[in-house]
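Student: This is what each chain is made of:
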Amino acid sequence: DGGITQSPKYLFRKEGQNVTLSCEQNLNHDAMYWYRQDPGQGLRLIYYSQIVNDFQKGDIAEGYSVSREKKESFPLTVTSAQKNPTAFYLCASTRWGAANEKLFFGSGTQLSVL
Amino acid sequence: DAKTTQPPSMDCAEGRAANLPCNHSTISGNEYVYWYRQIHSQGPQYIIHGLKNNETNEMASLIITEDRKSSTLILPHATLRDTAVYYCIVTLNTGNQFYFGTGTSLTVIP
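Same order as they appear, the protein sequences are chains A and B.
Under the working numbering, residues 14 to 127 are what the first sequence spells out, in order.
Under the working numbering, residues 1145 to 1254 are what the second sequence spells out, in order.
Any given hint might turn out to be false.
According to the in silico footprint, chain A covers these stretches of chain B (three or more CB under 8 Å from chain A) [to be verified]:
1) 1168 to 1180
2) 1188 to 1201
3) 1244 to 1250
If you are wondering where the hints come from, they were derived from the structure by calculation, not from laboratory data.
All values derive from a computational prediction rather than experimental measurement.
C-beta: ideal position from N, C-alpha, C; glycine also.
Construct the complete structure from the given sequences, taking the supplied hints into account.
Tutor: This is the structure in structure tokens:
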């Protein structure tokens, strides 16, 4: 089945540690997105990528980094510079620049600080 | 992208229709109205979207006012599994951001 796979489902980070969240899609979508969600809040955009080897900062990119070496993969690294990383992280994908299209989401990764 | 306004919470009796309103008074002519829902600790799920005409699919109906400044998502026979946060979003196309506000938390009551 086509879809978006996020892993792991739960992740724990120690102080000062970088951690990487995985996002893979087999929908042949151009665009991929990372969102952060805090309890009781909506989704906030961290980074997005329209094509391979290109990505743009969203509203809350500080303390995060991404790469887009392959069309199907868009990993997110939460660096030690992100002082409040505990949140639910969601990856999404879609066809870029198309009207009448929709976002597809993964099942999310819950990141907690030890 | 136009901003949307939704009530923070609503209740609905099981088996009754759930009508979720959304105000998007600054919507532009080519912006679509999308509805997603999110069950706790899962990724948002697409429900329906439309431009001008009312739309219906197997999950819900979307009613857009003639002036397009507001819309209503209708779940015709709400079940307990419809308890979720519902997000109304307006956007031109996927080249623009999908802004998710805090949505409406719908609780279906037995």
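Student: Each hint should be assessed against the structure and marked as holding or not.
Tutor: Hint-by-hint comparison with the structure:
For the segment 1168 to 1180 of chain B, the stated coverage by chain A is satisfied: 4 residues place a CB nearer than 8 Å to a CB of that chain, which reaches the threshold of 3. Requiring three or more residues with a Cβ within less than 8 Å of a Cβ of chain A, the coverage given for the segment 1188 to 1201 of chain B holds, as 5 such residues are present. Taking a C-beta to C-beta cut-off of 8 Å, the segment 1244 to 1250 of chain B contributes 4 residues in contact with chain A, enough for the three needed, and the coverage statement holds.
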